[in-house]
Amino acid sequence: KQEVTQIPAALSVPEGENLVLNCSFTDSAIYNLQWFRQDPGKGLTSLLLIQSSQREQTSGRLNASLDKSSGRSTLYIAASQPGDSATYLCAVRQVNTGKLIFGQGTTLQVKP
Amino acid sequence: DGGITQSPKYLFRKEGQNVTLSCEQNLNHDAMYWYRQDPGQGLRLIYYSQIVNDFQKGDIAEGYSVSREKKESFPLTVTSAQKNPTAFYLCASSSGTAGYTFGSGTRLTVV
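First to last, the protein sequences are chains G and Z.
In terms of our numbering, the first sequence opens at residue 6 and continues consecutively.
In terms of our numbering, the second sequence opens at residue 59 and continues consecutively.
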């Protein structure tokens, strides 16, 4: 059974810091991995999608990497801003079922 | 703009009442999904549908029902058999191996 783990569960940093969020998964048979952002009481906003054949994707200050063989992904946020404060969720899409399996999320607070 | 629309944003259910959550997408996606989100438990899959007129149970389907009569629509009914329905419900869609797109959610509260 696929399990997705995100570390740390919570993170508080001062504005301007570069930071890394970690995601690990137990079954490497995945179609892709997706990083989402969720603001309190809101839906999920897709940040980056990495297909299983890719190693990384970039969007603005965000960079996500994927090492399928080791079951790991990282989300790198450069020059963090207070507006980046949110919960970040990692999810993998299973090959055998097509289902999206989520981690528990990392709640980020960026202090001005 | 293409996207997923969930309604209502807030919903209140009395004991013993069935309620239906709406989910509509104009992305021409084949597959649609319903997730439940509770504090500290992450997102759990309730039901999913990969094509019209077909759907499968997810991990926590008991007390819920769905239909998929149109490609664009995937309503979720929370029945009186669901003993703890208070939660945030999220609808999503996808096509092929593309990423998932989520709606803005419906918060259901039992009163």
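Some hints could be false.
What the hints assert, rightly or not - To be clear about the criterion: a stretch of chain Z counts as covered by chain G if any three or more of its residues have a C-beta under 8 Å from a C-beta of chain G, and this derived list gives those stretches:
| id | segment |
| --- | --- |
| 1 | 101-115 |
| 2 | 158-166 |
What the hints assert, rightly or not - Across the chosen pairs, the derived CB separations fall in these ranges:
| id | chain 1 | residue 1 | chain 2 | residue 2 | range |
| --- | --- | --- | --- | --- | --- |
| 3 | G | SER57 | Z | GLY60 | 34 to 42 Å |
| 4 | Z | GLU120 | G | GLN59 | 34 to 42 Å |
| 5 | G | GLN114 | Z | GLU127 | 40 to 48 Å |
| 6 | Z | SER125 | G | LYS116 | 29 to 37 Å |
| 7 | Z | THR135 | G | THR10 | 29 to 37 Å |
| 8 | G | ASP72 | Z | THR135 | 36 to 44 Å |
| 9 | Z | THR137 | G | PRO19 | 46 to 54 Å |
It is worth saying that the hints were derived from the structure and are not from the lab.
For every residue, glycine included, the Cβ atom is placed at its ideal position computed from N, Cα and C.
Now for the hints, and whether the structure bears them out:
As drawn, the segment 101-115 of chain Z meets chain G at 4 residues by the rule of a beta-carbon pair under 8 Å; at three or more, the given contact holds. Here's how the segment 158-166 of chain Z fares: 7 of its residues keep a CB closer than 8 Å to some CB of chain G, so the rule of at least three is met and the hint holds. Roughly 25 Å separates the CB atoms of SER57(G) and GLY60(Z), a value that falls outside the hinted 34 to 42 Å. Judged by the Cβ atoms, the range 34 to 42 Å given for GLU120(Z) and GLN59(G) holds: they are separated by roughly 38 Å.
Checked against the given bound of 40 to 48 Å, the beta carbons of GLN114(G) and GLU127(Z), roughly 44 Å apart, stay inside it. Take SER125(Z) and LYS116(G): their Cβ atoms lie about 47 Å apart, and the range 29 to 37 Å is violated. Taken as a hint, the range 29 to 37 Å holds for the pair THR135(Z) and THR10(G), whose Cβ atoms sit roughly 33 Å apart. Taken as a hint, the range 36 to 44 Å holds for the pair ASP72(G) and THR135(Z), whose Cβ atoms sit roughly 42 Å apart.
Against the hinted window of 46 to 54 Å, the Cβ-Cβ separation of THR137(Z) and PRO19(G) comes to about 48 Å, which satisfies the hint.
Hints 3 and 6, counting from the list given before, are not met by this structure.
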